[in-house]
Structure formats: C-alpha cells, structure tokens
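Colleague: Sequence:
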Amino acid sequence: MKVLILNSEDGDWEGLFINGNLIDEGHTLGEGRADTYLLEKSEEYNFNSKDVISCCVTQEDDKYLMKFGSFPSELSKLKGKYL
113 MKVLILNSED GDWEGLFING NLIDEGHTLG EGRADTYLLE KSEEYNFNSK DVISCCVTQE
173 DDKYLMKFGS FPSELSKLKG KYL
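Just so we're aligned, residue 113 is where the sequence shown starts under the working numbering, counting upward by one.
It cannot be assumed that every hint is accurate.
Claimed, not checked - Quick list of the computed label-pair ranges, beta carbon to beta carbon:
no., residue 1, residue 2, range
1, 148, 191, 17 to 23 Å
2, 144, 193, 16 to 22 Å
3, 175, 155, 22 to 28 Å
4, 172, 132, 26 to 32 Å
5, 178, 145, 17 to 23 Å
6, 148, 170, 29 to 35 Å
7, 160, 137, 17 to 23 Å
8, 189, 166, 17 to 23 Å
These are calculated hints, taken from the structure and not from any lab test. Idealized CB from N, CA, C, for every residue including glycine.
Using the sequences and the hints given, assemble the complete structure.
Modeller: This is the structure:
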C-alpha cells in the first residue's frame, strides 16, 4: 500500500493519493476532523502509518494545481516523482 499526502508549494491545498489514485483533496484534508481523518481513511483503505509519505509538489506540478484548481485523478498525470 502506498499512501501519499501531497501539498501545494504554498501549503494551501492537499491531496490524498492511495496507490496512485486521488482519494480526497481540499484546503485541509478532513476539514474540521483532522484529528481522526487519517485514522478513518486507514480503516477504510487498510493502511498503517508506515505506508504514509507526505511531501510538496514540484514547481511544475504546482503550476498544474494553479491552472486546474485541483489534483488529477491519477498521480501518474503529474510530472514529479513522489513515490
């Protein structure tokens, strides 16, 4: 299981990818319930803390975010190498 939390360069947008697929995104993942959000997702998708990586997008991918206003549905559509 590969779980990636990807952040925009300015920290204003986050995306949760599991096995390369976008699961959720927003200004803050788990809006209003951040304390239990990852726990809920781990129970739903069967992953643990060792499976999770968090990083920022490249400048090129940040331009994608600014242009389209969201992450693509598949991580492979971004240019950066994150996993």
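Colleague: Now tell me, hint by hint, if it's right for this structure.
Modeller: A quick look at each hint next to the structure:
1. 148 with 191: 17 to 23 Å: At 33 Å between Cβs, range violated.
2. 144 with 193: 16 to 22 Å: 32 Å Cβ-Cβ, so the 16 to 22 Å window is violated.
3. 175 with 155: 22 to 28 Å: violated, 35 Å
4. 172 with 132: 26 to 32 Å: This hint is violated: roughly 18 Å between Cβ atoms.
5. 178 with 145: 17 to 23 Å: violated, 27 Å
6. 148 with 170: 29 to 35 Å: holds, 30 Å
7. 160 with 137: 17 to 23 Å: holds, 22 Å
8. 189 with 166: 17 to 23 Å: holds, 20 Å
In this structure, the hints that do not hold are numbers 1, 2, 3, 4 and 5, in rising order.
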